[in-house]
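K.L.:
Going down the list, the sequences are from chains A and B. Counting with full-length UniProt numbering, you get residues 1 to 220 for the letters of the first sequence. Counting with full-length UniProt numbering, you get residues 1 to 220 for the letters of the second sequence.
Any given hint could be a false lead.
Any copy, or any two copies together, can satisfy a pair, since identical chains are not distinguished.
[What the hints assert, rightly or not] For lysine to any residue, the following SDA-like pairs were computed, each having C-alpha atoms within a straight-line distance of at most 25 Å: (1) K174 to Y152; (2) K182 to S114; (3) K93 to A148; (4) K182 to D26; (5) K93 to G116.
The set of hints was computed from the structure by calculation and includes no laboratory data.
Number of protein chains: 2
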Amino acid sequence: MTKEKDALMVLSGGMDSTTMLYDHADSIALAVTFHYGSNHNEREAVCARYHCERLGIELIEIDLAFMGRHFSSALLNGADAIPEGHYADSNMKATVVPFRNGIMLAVAAGLAESRGLQAVMLANHAGDHSIYPDCRPGFVTTMGAAIAAGTYEHIELRAPYTGMTKGEIASRGKALGIDYSKTYSCYKGAEKHCGRCATCVERREALAEAGITDNTPYED
Amino acid sequence: MTKEKDALMVLSGGMDSTTMLYDHADSIALAVTFHYGSNHNEREAVCARYHCERLGIELIEIDLAFMGRHFSSALLNGADAIPEGHYADSNMKATVVPFRNGIMLAVAAGLAESRGLQAVMLANHAGDHSIYPDCRPGFVTTMGAAIAAGTYEHIELRAPYTGMTKGEIASRGKALGIDYSKTYSCYKGAEKHCGRCATCVERREALAEAGITDNTPYED
Chain A
1 MTKEKDALMV
11 LSGGMDSTTM
21 LYDHADSIAL
31 AVTFHYGSNH
41 NEREAVCARY
51 HCERLGIELI
61 EIDLAFMGRH
71 FSSALLNGAD
81 AIPEGHYADS
91 NMKATVVPFR
101 NGIMLAVAAG
111 LAESRGLQAV
121 MLANHAGDHS
131 IYPDCRPGFV
141 TTMGAAIAAG
151 TYEHIELRAP
161 YTGMTKGEIA
171 SRGKALGIDY
181 SKTYSCYKGA
191 EKHCGRCATC
201 VERREALAEA
211 GITDNTPYED
Chain B
1 MTKEKDALMV
11 LSGGMDSTTM
21 LYDHADSIAL
31 AVTFHYGSNH
41 NEREAVCARY
51 HCERLGIELI
61 EIDLAFMGRH
71 FSSALLNGAD
81 AIPEGHYADS
91 NMKATVVPFR
101 NGIMLAVAAG
111 LAESRGLQAV
121 MLANHAGDHS
131 IYPDCRPGFV
141 TTMGAAIAAG
151 TYEHIELRAP
161 YTGMTKGEIA
171 SRGKALGIDY
181 SKTYSCYKGA
191 EKHCGRCATC
201 VERREALAEA
211 GITDNTPYED
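One chain only, chain A, in its complex shape:
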């Protein structure tokens, strides 16, 4: 019996959402990626296109250029504004794009309802991201309730990686045979990963933890 494809997935092209795309390809009818005005984001989108084409999943790209114009975030201000170090460092708070997951999920919910789909999927996960309030389990639960209440068909928010660490996600990707050199993480957004910003540090730790040979070219 073939599983019905009933979900729209928010796909960045980073490690986590790419893993979920392969992991749940049998239920994903449509993926959506957002352009919100950072180099990091544009390099991720190249990866999102590559994996959707490979899996035969339709990808919609949505322009949220107003975020670059009106929102405050170091992530939207170019490479020099990105702090180096670990997510736990307090200076990483500067990289928050306010309520980004809320905005992406809200658009995804409207798009899912327009297409007659039953669910939206997000690849949030456990770990250092507690610095980002819109990545925490309490946000995912309440946003899921708002999406269910605000749509005719009570669209469901699925976030199956909420309790998993990035290392556990990488282990799952290893089993799925994912080539992580075809994902992008670095907040600095250069062609080559810097290797020193919090997203690079986290990426390297997760790949090492999963026992994956890391073929990503790093500056450092």
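Using the hints provided, position chain B relative to the given structure of chain A.
P.N.:
Frame of chain A, contents of chain B only:
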């Protein structure tokens, strides 16, 4: 003592949000209006600009053009697609723009956090709008919880008209001296209100209920 202006308000330029703008002008630091690709919406925006300028409140206009391209709704398909009659009629379901309030509130929350504001305000109200799931009290409550959970400063969603009918809102506007001929409602989006679509019917009933002489020029 001057009340601190700590809120961002979602303003369409229709009767309800215009009334709230005057009613709560002492707490509104910033208003935001959205362009999502309908004539109706563009005519509302003209009114939003007029009232913000009059009250000295900054207005940000945000382009959500992707909704016109990717979302299904009669409201986004031109005047001929708009049904006539009352909101209670089942054909009005065609005018739903999926999760529109969710999307506008999510963007408003991110913008409020970027500006260091404490609250977002929405002029949803009681009445026939139960056909729109993202206008119901259950949505407003859960979306408020998601915004509080997903922002650093636990931004609050204020919806002080949730329990009021449109007639009661018009009565409040009468006391505030609002000129409702400078608000726009018609879903058909022509220069002159059609007088027959559900938004026009509701507008006329509310103004009559409040004992306001209706100076709006109607086609019908």
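K.L.:
Could you place K182 and S114 in one of the four classes (within, between, both, neither) given a Cα distance threshold of 25 Å?
P.N.:
Cα proximity of K182 and S114: none, with 31 Å in one copy and 32 Å across.
K.L.:
Regarding K174 and Y152, is the shortest C-alpha distance of 25 Å or less found within a copy, between copies, in both, or in neither?
P.N.:
neither (38 Å within a copy, 35 Å between copies)
K.L.:
Is it within, between, both, or neither for K182 and D26, if the alpha carbons may be no more than 25 Å apart?
P.N.:
Within. Shortest intra-copy distance 21 Å satisfies the 25 Å Cα cut-off; inter-copy 52 Å does not.
K.L.:
Could you place K93 and A148 in one of the four classes (within, between, both, neither) given a Cα distance threshold of 25 Å?
P.N.:
Cα proximity of K93 and A148: across copies only (18 Å, versus 30 Å in one copy).
K.L.:
Pop the pair K93 and G116 into one bin, within, between, both or neither, using alpha-carbon distances up to 25 Å.
P.N.:
between (37 Å within a copy, 15 Å between copies)
Violation of the numbered hints given earlier is confined to hints 1 and 2; the remaining hints are satisfied by the structure.
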